[in-house]
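Residue numbers (our numbering), protein chains in the order written: chain A, 1 to 495; chain B, 1001 to 1503.
Rather than coming from a laboratory, the hints here were simulated on the basis of the structure.
Positions of the beta carbon are idealized from the N, C-alpha and C atoms, including for glycine.
Careful: at least some of the hints might be erroneous.
Stated by the list, open to error - With a straight-line Cα cutoff of 20 angstroms, these simulated SDA-like cross-link-like pairs (lysine to any residue) come out:
#, chain 1, residue 1, chain 2, residue 2
1, B, Lys1379, A, Glu277
2, A, Lys209, A, His111
3, A, Lys168, B, Gly1417
4, B, Lys1379, A, Gly28
5, A, Lys168, B, Asn1442
6, A, Lys209, B, Gly1417
What the hints assert, rightly or not - Listing some non-contacts, in silico: residues in chain A with all C-beta distances to chain B over 10 angstroms:
#, residue
7, Leu48
8, Ser51
9, Met69
10, Ile148
11, Gly166
12, Ala197
13, Asn364
14, Glu451
15, Val461
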Amino acid sequence: MVTEIHSIIPLLAVLVSMIASVLILASGRYPNLREGWTFAAAAIKFGLVISILPLILDGKIVTYTVIEMLPDLPIAFKVDAFGILFAITSSFLWILVSSYSVGYMRSLNEHAQTRYYFCFAIALSSAVGIAFSANLITLFLFYELLTISTYPLVAHIETPEAISSGRKYLTYLMIAGVALLFSILVVYHETGTTEFAFGGIAGMDVFSKTALAVLFITFMIGCAKAAFMPLHAWLPAAMIAPTPVSALLHAVAVVKAGVFTAVRIILYVFGVDLMRESGLWLYMAYFVSITIILASIYALMQDNLKKRLAYSTVSQLSYILLGAVLITPHGITGGMLHIPYHAFMKITLFMCAGALIVTAKKENISDMNGIGRQMPITMLAFTVGALGMIGMPPAGGYVTKWFLLLGAAEMHSMILIAVLLVSAVLNAAYFFPVVYVAFFKKPDHELAYKEAPLTMLVPIVVTAILSIVIGIWPDAPGMFLDIVNIAVANVTGGI
Amino acid sequence: MAGFEIITNNLPVLTVVLPLMAGFLTPIVGLIDRRLPWYWVMLATFVILLITSSNLVTVIATGTIHYHLGGWNPPFGIEYVIDLLNGFVCLIIAFIGFMVSIYSKESVKKEVPGKTTQFYTVFMLLITGLMGITITGDIFNFYVFLEISSLTAYSLISMGDRGDALVASFNYLIMGTVAASFILLGIGYLYAVTGTLNMADMHRLIPNIYESKVVLAALAFFMVGFSIKVGLFPLHAWLPDAYTHAPSTGSALIAGLMTKVGVYAMIRFMFSVFTPVFVIDMTRMTEILSWAAALAIIMGSVFAIAQSDIKRMLAYSSISQIGYILLGVGLANVIGMQGGLLHILNHALMKCALFLVAGAIFYRTGIRNLYQFQGLGRKMPVTTTVFLIAGLSMIGVPGTVGFTSKWYLALGSIDAGQWLFVVIILVSSLLNLAYFWRVFDNIWFGHPHEIEHLQRDEAPLSMLVPMVILAALCVFFGLFAYYPVHYVLEPLSEALLGIGAMP
């Protein structure tokens, strides 16, 4: 039996950025004070999340019931290893992206910055709320809040195109919300609870095989934030948002909330045993394989760097889902570990793309000839991220890919192994040209050295270095692999 | 001390007598000073709010209150009965009445200039009628109050937009009179076969005459009559015009309360004048009702999407929302019933807030076309935030009241095995999203540069306070729905369906 500790810290970690959002709104006229709140909240939030970590590494879980919303339907937090993995990732990267945001938004002299920081803070609250949710209903609450709070960020520039992209975003995600709600209702009606359990919710076996498959499908539609095909179209559309939004939200918080939810549902609602007995794992594995390959091919066809990164994200997110449905300890390790690993590497790539927009005013790869001479540090960081995506050492990507391959091998699936390998080749095919264009092609005209402002450059360098650190020393004590090992032990029952 | 006891013993009847007296005294107060009626009405509605709260607390603590008018014992005299159902509805009426009366000050001054005293007189009489309908245990007394509330509503609406309001009011008058005739006929029929006018007495006698065609006809007349009164699709034709052209304050009051009281009457007649067995199993009236309600949910939302006048959009949205309530009732299981009843409270809060916002925007800018709302987010930040919260409630975002009732309604539909209704409820929240998000977009997005120069020009404080309170309650009851559900709705739903006794 896992020891439960009651503590208000999870609630505080969620609330701190909510409170900050109010302060941000109140101090809209003083930009420095306003950004001060963002930094303070980000630091406090990260501190609070980290303060829970020792308990989790000790094998305990931290719970807190906030209120009884309806009889038998509490809003409650339960921090376990998997939850804290996502919480650490998003709250740590928020600190870096805050710095990056300040540089980006001020360089471009963007309008409505108060709204921007306000919504950003709420989105972060929602992401950590999702990470710490003890049950489906709490998760749904924050899931919807995340959708709504990110809409103003997507539609930020307010051109007709941005608004129609925002509408697309909203439509996809709200339909997903409805599907998720439907699934939650069915689970609650049949089992009388929505609380996550390590082996899956007890009583899920009351469903017939067909009903279970339908329920699984509606649940997965509900996880459209995970951007698997054919429910991915909102993600490239959302690239119209300012780059820090793309970086933190559409590479980390929102899409990771989607895969996090999907993994929670697969492993903590359905459970490993039910997934295996029903054979659902195999269908889902093939289904996400299609996304892994197709999205990479779409990425090949994009000239706009942010769009290419978006399709790359679509493909990489399905790695995580694939890992979860492999339902072997190694597969799940690979999937879960890819959440922080992909986050660090992809955020590096997005921040580089944003730096290119701000400094060189370039969005398309075909215009980037020799840009590495103008912005060597940025493009070096980009190369690190790209290596990670492809799965080449020293960046972290190879670690997760290794675990995924092990998992696929354990399930004796040659097809899935082939998918992973082909996808690595495709990743190389769409990332190396960028690196090649930047460093080896001759620029059209002479480029002087000019990097992005320090507020932007520092976060880029930090995440690039961290991407390497998690690659060459993945088993550092207390690092992600430790956390994931506990989470995997929880869900597979072996401690 | 004796005086105090007289008051506490007579609290049930004071809920009706107090607004009635206050209404008749309003012209006199208005004669002294034209500004006084607002204070007077606010005071009166506040006292009524206290009385109804005390009534509900008493009912929860000690059970149903019976009050015999003039000391005459039923079934001969008129009896007022307060149980959980009407205690709950009375409190909603009193609360919304109080909120709207605070709000009314500036709005009435601007929209019905020179007639404020008349307006407030009618306002109080409308509250009287609604309270009376809710509280009475006598079926003919019920009809009297129904007429009081209808007549006052007609005149309240006619005070609105010049010309249009008169037509709307007249339409409503015709439809309302047809409805009232149906109801009166139903009452006559029941009186003819049971020989009593007391609701509880009828409830006792009707099981003996289930086979009688007269009883069946009476039920049909009641259902048609009340369906018109609540604007159940396709008998809704009077509603959009009436809500659109009434003065803002009147719209908020009528939209928040009129139809709710109609729904209350429908529930009261179906389950405690007739019997659950009769309406659920024998005549299958609840099943018919649930299908009609499902149709209303979809059609109301579809029509709402087509509107550009904000008040008309809200009116069609009301048609859809009334469908929610009746769907819950029609599901005829405890969970669905809880959802329906909870939605009476929830919809009153949300819709009243939305109409108040529409009124405040109209007061400041004179605009009702939602496509002209650009820049309002900067100009009236508090008002538009209230709109955002209430609008998200309508969509049913978790954490707001709209979610809790949607949850129960969908769960009740699953419980009844009606998967189509589950789909309708969920799809309707997407339709709500479609027509509310359009307004949000117009308020906050699309014109970043044109609105830079706009100055803040917020609604007056007397308007802001009730709007903010209502929005806060939308969130409060969204997160703490446990309290109304546990203390009122659970026992109430079981009692109505004949599963448990009314405490």
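Right, here's what the structure says about each hint:
{"no.": "1", "hint": "Lys1379(B) to Glu277(A)", "verdict": "violated, 59 angstroms"}
{"no.": "2", "hint": "Lys209(A) to His111(A)", "verdict": "violated, 53 angstroms"}
{"no.": "3", "hint": "Lys168(A) to Gly1417(B)", "verdict": "violated, 33 angstroms"}
{"no.": "4", "hint": "Lys1379(B) to Gly28(A)", "verdict": "holds, 15 angstroms"}
{"no.": "5", "hint": "Lys168(A) to Asn1442(B)", "verdict": "holds, 17 angstroms"}
{"no.": "6", "hint": "Lys209(A) to Gly1417(B)", "verdict": "holds, 19 angstroms"}
{"no.": "7", "hint": "Leu48", "verdict": "holds, 22 angstroms"}
{"no.": "8", "hint": "Ser51", "verdict": "holds, 26 angstroms"}
{"no.": "9", "hint": "Met69", "verdict": "violated, 6 angstroms"}
{"no.": "10", "hint": "Ile148", "verdict": "violated, 7 angstroms"}
{"no.": "11", "hint": "Gly166", "verdict": "violated, 8 angstroms"}
{"no.": "12", "hint": "Ala197", "verdict": "holds, 21 angstroms"}
{"no.": "13", "hint": "Asn364", "verdict": "holds, 25 angstroms"}
{"no.": "14", "hint": "Glu451", "verdict": "holds, 30 angstroms"}
{"no.": "15", "hint": "Val461", "verdict": "holds, 33 angstroms"}
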